Amino acid sequence: MKKRKPEQGDVFAVNLPDGRYGAVKVINTTKQSSLIMTTAYLDSAPPSLDDSKLNEILLQDRFSYEKSPAIIWHEGSPPENTIYIGQICLSKEERRRASSSFGGKWDDFTGTEA
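Final position of the sequence shown in the working numbering is 114; the numbers increase by one with none missing.
Simulated from the structure, these hints should not be mistaken for lab results. For clarity, every value in this text was computed on a predicted model and none was experimentally measured. Ideal Cβ placement from N, Cα and C applies to all residues, glycine included. Be aware that one or more of the hints could be misleading.
DSSO-like cross-link-like pairs, simulated, lysine-lysine; straight-line CA separation at most 30 angstroms [unchecked claim]:
1. Lys31 to Lys5
2. Lys105 to Lys67
3. Lys53 to Lys31
4. Lys53 to Lys105
Label-pair distances were calculated between CB atoms; the ranges are [as the list claims (entries may be wrong)]:
5. Leu49 to Pro69: 17 to 23 angstroms
6. Asp18 to Ala98: 29 to 35 angstroms
7. Asp50 to Gly104: 31 to 37 angstroms
8. Tyr84 to Ser44: 18 to 24 angstroms
9. Gly19 to Lys92: 32 to 38 angstroms
10. Arg4 to Ala45: 18 to 24 angstroms
11. Ser44 to Lys5: 28 to 34 angstroms
12. Leu49 to Asp18: 22 to 28 angstroms
My request is simple: use the sequences and hints to build the entire structure.
And the structure:
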């Protein structure tokens with residue numbers, strides 16, 4: 001089965017190391033990369049598209065991050081273990097977000113900042 005190219009508004013659940021789920025949202029794309037926002041979602045099951053936490057960006061507060069938004073460019077498609085939840089409309093604020101950070105290939109660690 002061919003991997004689907006990520007599109008703006010796509011939401012994916014990610015498996016976290018502690019067994020819970022987080023979620024990421026694609027907020028921009030280029031030909032080969034996606035700007036990925038880690039959301040504030042954190043629960044024992046994957047989210048539904050109407051969960052309000054999918055509209056909140058995770059603020060990182062670890063290492064040298066001081067409440068930095070978890071947003072980064074990744075190349076390629078999501079790995080097999082991510083769960084496609086669906087697509088939601090982006091807010092004006094989300095569409096304006098930018099990042100100059102590049103995290104390499106989209107892998108199993110993408111979105112695990114939670």
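How the hints compare with the structure:
no.	hint	result
1	Lys31 to Lys5	9 angstroms, holds
2	Lys105 to Lys67	24 angstroms, holds
3	Lys53 to Lys31	28 angstroms, holds
4	Lys53 to Lys105	25 angstroms, holds
5	Leu49 to Pro69: 17 to 23 angstroms	22 angstroms, holds
6	Asp18 to Ala98: 29 to 35 angstroms	31 angstroms, holds
7	Asp50 to Gly104: 31 to 37 angstroms	32 angstroms, holds
8	Tyr84 to Ser44: 18 to 24 angstroms	19 angstroms, holds
9	Gly19 to Lys92: 32 to 38 angstroms	35 angstroms, holds
10	Arg4 to Ala45: 18 to 24 angstroms	23 angstroms, holds
11	Ser44 to Lys5: 28 to 34 angstroms	30 angstroms, holds
12	Leu49 to Asp18: 22 to 28 angstroms	24 angstroms, holds
Checked against the numbered hints above, the structure breaks none of them.
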